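Student: Residue-level listing of the chains:
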Amino acid sequence: MVLEIRNVSKNFGGIHALKDVSFQIQEGEIYGLIGPNGAGKTTMFNLITNIFEPTSGQIVFNDSNITGLKSYKITEQGICRTYQNIRLFSQMSALKNVMVGGHCRSTSGVFSSVFRTKKQKREEKALTEKAEELLDLVGLLEHKDALAENLAYGQQRRLEIARAMASNPKLLLLDEPAAGMNEKETDSLYDLIKLIQSKGITVLIIEHDMPLVMKLCDRITVLNFGEKLAEGTPYEIQNNEAVIEAYLGREEDVDIA
Amino acid sequence: MLADFINPYHLQIASFILINILLAISVYVPLSSGQLSLGSAGFMGVGAYTSALLTIHFDLPIFVGILIGASVAGCLGIIIGIPSLRLSGVYLAIATLGLGEVIRVIFVNWESLTKGSIGLTGIPQMGRELLNLARDFGIQPAMFGLRNNQFVYLMVFVILFILVTATIWFVFRQQNSRVGRSFSSIQMDEKAAESMGINITYFKVLSFSQGAFLAGLAGALFAHVMGYISPSDFSYHRAVEILIFTVFGGSEVIIGSIFGAIFLTLIPEVLRFVSEYRYIIYGIMLVILMAVRPQGILDIQLLSKFKRLKRSKGGVR
Amino acid sequence: MLLEQFINGITLGSIYAIVALGFTLVFGVLGIINMAHGEIFMVGAFVGVMTTGVLGWPLWLAFVASIVVTAILGYLLETFTLRPLRGKRGVSHLAPLISTIGVSILLENLSHHLFGAGNKPFRTEFAEMSIEIGSITIYIVQIVIFVISIILMIGLSIWLSKTKAGKALRATAENLETASILGVDTKKIITLTVIIASAMGGIAGILVGMAFNSVSPQMGLAIGLKGLAIIILGGMGNVKGAMVGGLILGLSETFLVAYGDSGYRDAIAFIMIIVILLLRPQGIFGSKIVEGR
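So the protein sequences, as listed, match chains A, B and C. With the first sequence counted from 1, adding 3 to any position gets you this note's numbering. With the second sequence counted from 1, adding 9 to any position gets you this note's numbering. Quick note: the third sequence, position 238, residue 235 per this note's numbering, numbers continuous.
Since the hints were derived computationally from the structure, they do not count as laboratory data. Hints should not be assumed to be uniformly reliable.
[Unchecked claim] Now the stretches of chain B that chain C is said to cover, found in silico as 3 or more residues with beta-carbon under 8 Å:
#1 81 to 94
#2 104 to 115
#3 245 to 252
#4 299 to 311
[What the hints assert, rightly or not] Simulated crosslink set (DSBU-like; lysine-lysine; CA at most 35 Å straight-line):
#5 Lys122(A) - Lys316(B)
#6 Lys173(A) - Lys319(B)
#7 Lys85(C) - Lys319(B)
#8 Lys133(A) - Lys197(A)
#9 Lys218(A) - Lys200(B)
#10 Lys164(C) - Lys73(A)
#11 Lys164(C) - Lys187(A)
#12 Lys164(C) - Lys200(B)
#13 Lys187(A) - Lys202(A)
Here the structure is a predicted model, which is why all the values come from computation and not from measurement. Positions of the beta carbon are idealized from the N, C-alpha and C atoms, including for glycine.
Please build the complete structure, drawing on both the sequences and the hints.
Tutor: In structure tokens, the structure reads:
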């Protein structure tokens, strides 16, 4: 088991964003987190990466309790994420963005950086090579010197994935990676995520594009109003009465996350 | 021969420019990780008074005094930085502004030690000491055809130049490394930086205390160049002036701070009327800059344009 | 003696509270520290000196003049320095801070050129009048200051909680986007906030002038810093916190001067900032830390 969410709840000033949610993610699978807007999906990501602490419950990663650990320590442990509203370092080149992702897998401090010790040079070279490799993986190698803010929308999404990958995650959290992408881009995103899976990385994905989710995911949890509605394989979810009701039965409300 | 070219007055202005460059960099480094420090004048004062008092009362060599002065300022930076940097940037700005004022209040009131608002006089001067040192080695200014005061100003300039060059080299190298990337990622998006595994508190305190150290260094050098200091040398006005060097010159690139310090030190020397209305002009400048060009005169785009221009010229040849 | 000091402290504290209210209103609505607030306050004090001292106007007219001048300054501040930075892409959160610093040194040095660097006396017809109750001496000035401050604070509280504009202001402070969705004209509310905050600064300027019988261009920074210390103490953007924080600072300064070293009076504000940041960064009345501003 890579990630275990145990009875997690989160209140924001009396409003239940998440209520007693539990699920488990097995190693190597692609796990989907779906639900109407405002169901608490992004909140779940923010709890896993400890942007907020859960009001109650536990988050266990590789058998160790990471609840309340500082965000950067969680990344060190091997969880890295992307954001629904892309958060790249906009004034940095694509290459540097990815190199920042490799921060926690490198060690050079002030002294070795200023005096360019052998170890530091080796590390920088490895970091650059790794970053180029990842840019190649997401198809952005030719844009490596472009500033992140000058990249097209779909490219920015893929750059964010490459940046997260640079931290050597065991678990990758993707928050609506296909948002705003056309069909062709979505197809190549599918290939990319499958490729990431084949490298032995577990993926937890929030996505609204249902065909993509159903094609991609091994298992899915459906959230509705902060509560877990259903869990199962794509086939089970598609035929679940409660899920159909939740998706068809009402208008989507405002996203609180 | 050489003597004809060396004008002590010009050398002194050049030395002030160098000290101001150090001060501008002391604001630039924290800004490169998104931290605004209004305490640079205070840290400068701490460096200046520490080094001056140590050299006056304990006969320490000047260079030891300067090093201790800068280090004390750096440590103070860590002490102030840790509580304020856990919060948002606004708290740091207020805390540093308060620090600057309280340091000044201490200088004014601790009369037995600091001589109050009159300030300290008789601080060992770097130039004189260097002259004496040279004489001990049997070197006389006359051997180069220089008068004593020419030699003194020249030596001060050379020492400052070496220190400033070393500082720029340090900052430049740090910038193009893992540490520098962490600074700028924090500046651009703190939350994203943290979720990339960067310990933001550590790097913020690091850049802030480096700034404090540099300001302390500049202050200590100032004390030993001038020979006398008083609390008014380290007032809030000074802090704003230092801030303007960087904000005007360009806060995204280190060359901006250097340019800002040189330009804004020279202008009042060249245009006397500017000197009188200096702070009024500074004030208007800050408002206009923030609205029109918040990154300052020199920025990355402009520099890369220069580079391209140079390259294309080279291509023609 | 003790009671007398207590009264002095309350008087001073109520002025500080009004200065701090100006900071806290702007921070609450805009999330900005207005570094020029101290200097607007100083200009208000000079308007008082000029109108009463040079023109010989009565005190109430001086208040009106000061309110008008500082309100105009507030309007100009909002129009030329704050609004151009709002909602612009790529503007860092430090830009308004730097911009208002620009305004602060501009105002300070303008008054320096206009009025000179020294202290100007602030005379009122009842400056020397006092009443004796037993062994305690209370100056009429103190009573006037105290009463005006209390009226101002109560007035502001009622305005914020009862009137439509006040409620709109609080809604804007709560969440700018939501408020504008709900039909609040946020642009108008923001302008109004800056004007009210500045006018309160102007009133505080006259009160300080009366309390210390002296006005100088440098007082903006000193008092401004105290205002900032108070809002950190009371919680950023918290109206009640600003009032209580002002009283705490006023009292502790008065007692330090009475029983300790008066030279270090200006250091108390700073020590307060550091202690609060270490122990309770959200301030006494703050409930959570606003991050990322």
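Student: Of all the hints given earlier, name the ones this structure violates by number, lowest first.
Tutor: 6, 10 and 11
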